Amino acid sequence: MSQVNAIGLNSAKSEDIVTSLNTLLSSYQIQYMNARGFHWNIKGRNFFELHVKFEEIYNLLLLKVDEIAERILTLDGAPLHAFSDYLKISEIKEAKNISDGVAAVENLLAGYSTLIKMQRDILIQAGDAGDEGTASLMGDYITEQEKLVWMLKAYLN
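For the sequence shown, the UniProt record's numbering begins at 1 and goes up steadily by one.
One or more of the hints may lead you astray.
What the hints assert, rightly or not - Below, in silico cross-link-like pairs of lysine-lysine (DSSO-like), each with a Cα-Cα straight-line distance of 30 Å or less:
hint : residue 1 : residue 2
1    : Lys-96    : Lys-13
2    : Lys-88    : Lys-117
3    : Lys-147   : Lys-43
4    : Lys-153   : Lys-96
5    : Lys-96    : Lys-43
6    : Lys-117   : Lys-96
7    : Lys-43    : Lys-93
8    : Lys-93    : Lys-153
9    : Lys-13    : Lys-43
10   : Lys-96    : Lys-147
11   : Lys-88    : Lys-153
12   : Lys-88    : Lys-13
13   : Lys-13    : Lys-153
14   : Lys-117   : Lys-153
15   : Lys-117   : Lys-13
16   : Lys-93    : Lys-147
17   : Lys-117   : Lys-147
Unchecked claim - Computed Cβ-Cβ distance ranges for the label pairs, DEER-style:
hint : residue 1 : residue 2 : range
18   : Glu-55    : Ser-11    : 28 to 34 Å
19   : Ala-154   : His-81    : 33 to 39 Å
20   : Lys-153   : Asp-76    : 36 to 42 Å
21   : Phe-47    : Met-151   : 16 to 22 Å
22   : Ala-154   : Ala-12    : 42 to 48 Å
23   : Asp-140   : Glu-55    : 19 to 25 Å
24   : Arg-45    : Gly-139   : 34 to 40 Å
25   : Lys-96    : Ser-2     : 23 to 29 Å
26   : Glu-67    : Ser-11    : 17 to 23 Å
Worth flagging that the hints you see were computed from the coordinates, not collected in a lab. Keep in mind the model is a prediction, meaning the values are calculated, not measured. Think of the CB as a built atom: it goes at the ideal place given N, C-alpha and C, for glycine as much as any other residue.
Produce the complete structure using the sequences and hints provided.
Now the structure itself:
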């Protein structure tokens with residue numbers, strides 16, 4: 001008989017989900033820092049609208065960072081918390097010295113496309129494990145971010 005954790009899920013499957021969630025957490029942290037940097041460093045004709053939009057985006061990302069870390073804890077895992085770990089396993093790379101609005105939006109768009117793909121993979125993984133909590137979280141994130149991707153693409157066109 002397989003081991004179950006405190007919330008009744010298969011422990012081995014939960015450990016695998018925790019590994020995926022830690023990679024997602026790392027990617028969110030880099031996306032967050034990229035958005036934060038864009039907010040600080042944006043210049044040009046669209047400064048006012050992008051400065052505000054980037055702040056909105058990084059605040060949304062920060063909320064998700066906390067929710068993902070708490071989900072990891074709920075699954076009896078340990079969320080990564082060192083930036084050196086984030087840099088090693090993130091599927092999103094750091095963006096440095098970007099002050100152009102188009103380049104910043106393109107970078108965020110690419111990052112969100114990566115996050116959505118990762119979340120879809122975790123959604124399937126969670127479904128296979130009967131982990132409704134993680135699946136629900138991923139579904140909510142995907143729905144919100146698909147709309148944001150559409151808006152970022154509309155801005156670029």
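Hint numbers contradicted by this structure
1, 9, 13, 18 and 25
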